[in-house]
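So the sequence lines, in the order shown, correspond to chains A and B.
Heads up: the first sequence begins at 1 in this note's numbering, then just goes up one per residue.
Heads up: the second sequence begins at 1 in this note's numbering, then just goes up one per residue.
Among the clues, some could well be false.
Computed far set for chain B versus chain A, every beta-carbon distance over 12 Å [what the hints assert, rightly or not]:
(1) GLY29
(2) VAL33
(3) ILE159
(4) ASN177
(5) ASP268
(6) ASN322
(7) ASP345
A few chain A residues that face chain B, going by a derived Cβ cut-off under 8 Å, partial list only [as the list claims (entries may be wrong)]:
(8) ALA35
(9) PHE54
(10) LEU162
(11) ALA164
(12) TYR188
(13) SER190
(14) GLY199
(15) GLY274
(16) ILE278
(17) THR322
Pairwise CB distance ranges, derived in the manner of DEER restraints [claimed, not checked]:
(18) B:PRO122 - A:ALA17: 53 to 61 Å
(19) B:LYS175 - A:TYR157: 34 to 42 Å
(20) B:THR340 - A:PRO189: 52 to 60 Å
(21) A:GLU56 - B:ASP58: 32 to 40 Å
(22) B:ALA59 - A:GLU56: 22 to 30 Å
(23) B:ALA293 - A:ASP40: 43 to 51 Å
(24) A:ALA35 - B:ALA265: 38 to 46 Å
(25) A:MET154 - B:ASP58: 14 to 22 Å
(26) B:ALA194 - A:LYS6: 35 to 43 Å
(27) A:MET154 - B:ALA202: 17 to 25 Å
(28) B:ALA265 - A:ASP40: 16 to 24 Å
(29) A:PRO112 - B:LYS286: 52 to 60 Å
Simulated from the structure, these hints should not be mistaken for laboratory data.
Backbone N, C-alpha and C define an ideal beta-carbon position, used for all residues, glycine too.
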Amino acid sequence: MLRLEKRPQPSRIWTWATPPLAVLVTMIAGGALFAALGKDPVEAIATIFWKPLFGEFAFYYRPQLLIKATPLILIAIGLSLGFRAGVWNIGAEGQYILGALTGAGVGLALYPLDSAVVFPLMIIAGALGGWAWAMIPALLKVRFGTNEILVSLMLVYVAEQLLAAMALGPMRNPDGHGFPGSRNLRDYPSAHNAEIIEGTGMHWGVAAAVIAVIAAYVLLSRHILGFQIRLAGQAPRAARFSGVRPGRLVLVCLGTSGALAGLAGMFEVAGPAGQVSIDFNVGYGFTAIIVAFLGRLHPVGIALAGLLMALTYIGGEMAQSTLGLPAAAIQLFQGMLLFFLLAVDLLTNYRIRIRKKEVA
Amino acid sequence: MTLTRLLTSAALALGLATGATAQDKTKVGFIYVGPIGDGGWTYEHDKGRLAVEEHFGDAVETVYQESVPEGADAARAITQMALQGADLIFTTSFGFMEPTLEVAKKFPNVKFEHATGYKTLPNVSTYSARFYEGRAVQGHIAGEMTESNTIGYIASYPIPEVIRGINSAYLHAKKVNPDVEFKIIWAYTWFDPAKEADAAQALIEQGADVILQHTDSTAPQAAAEKAGDVITFGQASDMAEYAPFPRVSSIIDNWAPYYIDRTQAVIDGTWESQQVWHGIDEGMVKIGEITDAVPADVKADALALKETMAAGEYHPFTGPINRQDGSAWLAEGEIADDGTLLGMDFYVEGISGQIPN
């Protein structure tokens with residue numbers, strides 16, 4: 001008989017072994033699902049995981065991988081700081097939208113000014129926009145003890161309405177025949193988040209994501225604030241004794257994640273998306289939560305998890321159009337990934353023992 | 001050396017093979033904004049795709065991708081189809097306009113067709129249907145049928161196409177019933193059964209006994225069926241499963257002839273960039289069967305209205321029509337020009353409420 005035995009300490013090996021194991025189990029279960037739909041499971045899995053990287057058109061998909069992973073990684077890095085400290089920002093999607101609006105707003109307001117300061121100003125505005133939106137749940141929590149999970153989540157819906165209002169109203173393209181959506185920032189060189197090296201997908205957001213990963217790593221392993229964040233999450237009482245001010249930590253964690261989400265939105269709207277439109281946001285803020293946990297809240301893990309998630313998106317799209325897999329099957333496949341990660345997490349905290357039957 | 005030769009010949013064989021298939025088959029791609037099972041907008045586009053397959057048989061291969069978000073992801077989905085050798089790609093939602101143009105610039109030899117947009121390139125055409133003609137018939141029936149004189153309207157996004165539909169339906173309801181009043185809810189979605197059901201319920205509670213919709217799911221039909229005394233119209237698709245009541249008629253988008261036509265043009269090498277806006281006349285807009293829940297004389301009048309539009313004798317926007325603020329738009333007998341209609345951003349006189357912006 002199998003028996004679960006709680007480990008005194010979470011297993012170090014399993015902490016890092018479970019994500020790859022979860023991916024493997026997802027491949028097997030996903031393959032079974034695709035087979036049940038009448039598709040060749042091996043080909044489907046290869047299309048999702050192999051072809052975007054090494055297939056015929058890899059030259060196009062590899063840069064796309066960076067473009068898709070960048071907002072996920074930027075947002076997830078910010079979220080992971082809070083998640084480690086027990087501060088739950090679920091509203092990154094809203095902060096992402098606000099960053100896009102403030103960033104694009106600055107660019108559109110300065111149109112058609114041709115100057116090198118336009119883009120840096122947009123970056124600052126984008127970070128501030130996301131930061132300010134995150135400050136609402138942060139201040140409410142510190143001042144009135146409200147639940148930041150609910151407040152930040154609800155503010156996503158407010159942000160979506162604001163986005164629609166902006167796309168239809170103040171930010172609407174004056175040359176757009178009354179159709180919703182702003183000017184295309186890609187046609188405005190001073191504001192365009194262009195590729196740093198043509199054809200690589202390396203836009204300024206990718207650079208920002210790399211910096212964020214390194215900064216978070218240094219912060220968590222070397223800086224006193226990083227120590228306080230980890231301590232507050234693991235032992236809140238001990239943290240208070242060692243001089244951690246919980247209110248300040250809430251402000252810092254929500255503020256940082258808000259600013260990073262805002263940056264992600266700004267880089268997206270000025271580059272890959274190009275314009276403020278009603279359907280600008282596609283759920284990066286929520287997917288980033290999965291990425292943060294898949295990456296074990298560790299900066300390097302998050303970078304890898306972000307790339308993996310991007311791969312399932314891009315490969316999933318390929319499987320749709322080349323193999324005719326329905327979109328729902330791909331979404332199911334992505335959902336399985338988190339499901340199996342949570343399931344195999346059991347191994348991190350528990351040991352499986354085989355109990356011998358007692359002889360009577 | 002042997003290895004190199006082997007690889008070269010393999011590559012050559014592969015190249016020849018792909019070249020041969022590309023010559024044999026014309027590949028047509030479709031990018032959908034919703035799931036093909038939405039029962040409305042995307043469902044009808046997919047029927048058009050299936051019609052292409054049936055018409056051309058082995059000469060044409062079709063591919064599609066459903067539920068593509070309008071934005072940065074759309075560009076990748078379209079590029080993917082172009083890379084995989086599509087000769088002709090239909091992008092079937094307004095929000096795909098910028099991504100379509102972006103990709104089209106990179107693939108000058110691939111032809112693109114964008115639905116409901118206004119920007120073109122030498123290899124990008126636009127096509128849309130004069131749905132407002134169907135709305136006129138709908139408004140006529142709605143105005144005759146309502147007893148509470150309150151007609152509910154579930155609108156999607158405040159873009160010209162939707163505003164045009166509201167205006168056309170209102171004008172023709174008003175014509176047969178001067179006391180009629182429109183209550184409009186903006187759902188900010190093309191397809192979201194939960195939101196649409198909520199909107200329908202809210203309208204019914206406000207006294208509406210006719211629900212018109214510019215969203216694609218059948219949720220409003222289900223809400224009306226539950227209420228028992230509310231009528232609806234199928235949107236984009238026939239939605240005949242709710243006939244004869246509450247669904248009393250429908251506007252059907254019929255893309256098949258256009259899709260077959262354009263595919264043929266690509267095969268023949270005669271494809272050229274164009275802007276097409278077809279109506280009842282060309283068969284792109286169809287009126288679904290008017291059921292027996294509608295009195296015979298109302299049905300006859302509605303069909304007569306449809307015939308006059310099909311024959312080009314009557315335009316739904318014929319003056320005198322004033323704008324909502326009372327200023328004159330069209331003089332007696334004047335007909336709206338396509339430019340104004342395509343960019344319509346105002347309500348006509350008599351509609352209460354504001355267009356959100």
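Structure-based check of each hint:
1. GLY29: GLY29 (chain B) is in fact no farther than 12 Å from some Cβ atom of chain A, at 7 Å.
2. VAL33: violated (9 Å)
3. ILE159: Nearest chain A Cβ is 6 Å from ILE159 (chain B), so the label is violated.
4. ASN177: holds (30 Å)
5. ASP268: holds (26 Å)
6. ASN322: Holds, since 19 Å exceeds 12 Å.
7. ASP345: Non-interface label fails for ASP345 (chain B): nearest chain A Cβ at 4 Å, not farther than 12 Å.
8. ALA35: violated (21 Å)
9. PHE54: Violated - the Cβ of PHE54 (chain A) stays beyond 8 Å from chain B, reaching only about 15 Å at its closest.
10. LEU162: violated (12 Å)
11. ALA164: holds (6 Å)
12. TYR188: violated (13 Å)
13. SER190: Result: violated, 19 Å to nearest chain B Cβ.
14. GLY199: violated (11 Å)
15. GLY274: holds (6 Å)
16. ILE278: At 6 Å from the nearest chain B Cβ, ILE278 (chain A) passes the 8 Å test, so the hint holds.
17. THR322: holds (7 Å)
18. B:PRO122 - A:ALA17: 53 to 61 Å: At roughly 55 Å between Cβ atoms, ALA17 (chain A) and PRO122 (chain B) fall inside 53 to 61 Å, so the hint holds.
19. B:LYS175 - A:TYR157: 34 to 42 Å: At 40 Å between Cβs, range holds.
20. B:THR340 - A:PRO189: 52 to 60 Å: Roughly 34 Å apart at Cβ, these two residues miss the hinted range, so it is violated.
21. A:GLU56 - B:ASP58: 32 to 40 Å: violated (24 Å)
22. B:ALA59 - A:GLU56: 22 to 30 Å: For ALA59 (chain B) and GLU56 (chain A) the Cβ distance comes to about 24 Å; the hint holds.
23. B:ALA293 - A:ASP40: 43 to 51 Å: Cβ of ALA293 (chain B) to Cβ of ASP40 (chain A): about 49 Å, so the range 43 to 51 Å holds.
24. A:ALA35 - B:ALA265: 38 to 46 Å: holds (40 Å)
25. A:MET154 - B:ASP58: 14 to 22 Å: violated (55 Å)
26. B:ALA194 - A:LYS6: 35 to 43 Å: holds (41 Å)
27. A:MET154 - B:ALA202: 17 to 25 Å: The hinted range 17 to 25 Å holds for MET154 (chain A) and ALA202 (chain B), with Cβ atoms some 21 Å apart.
28. B:ALA265 - A:ASP40: 16 to 24 Å: violated (35 Å)
29. A:PRO112 - B:LYS286: 52 to 60 Å: violated (46 Å)
Consistency note: the structure conflicts with the earlier hints numbered 1, 2, 3, 7, 8, 9, 10, 12, 13, 14, 20, 21, 25, 28, 29.
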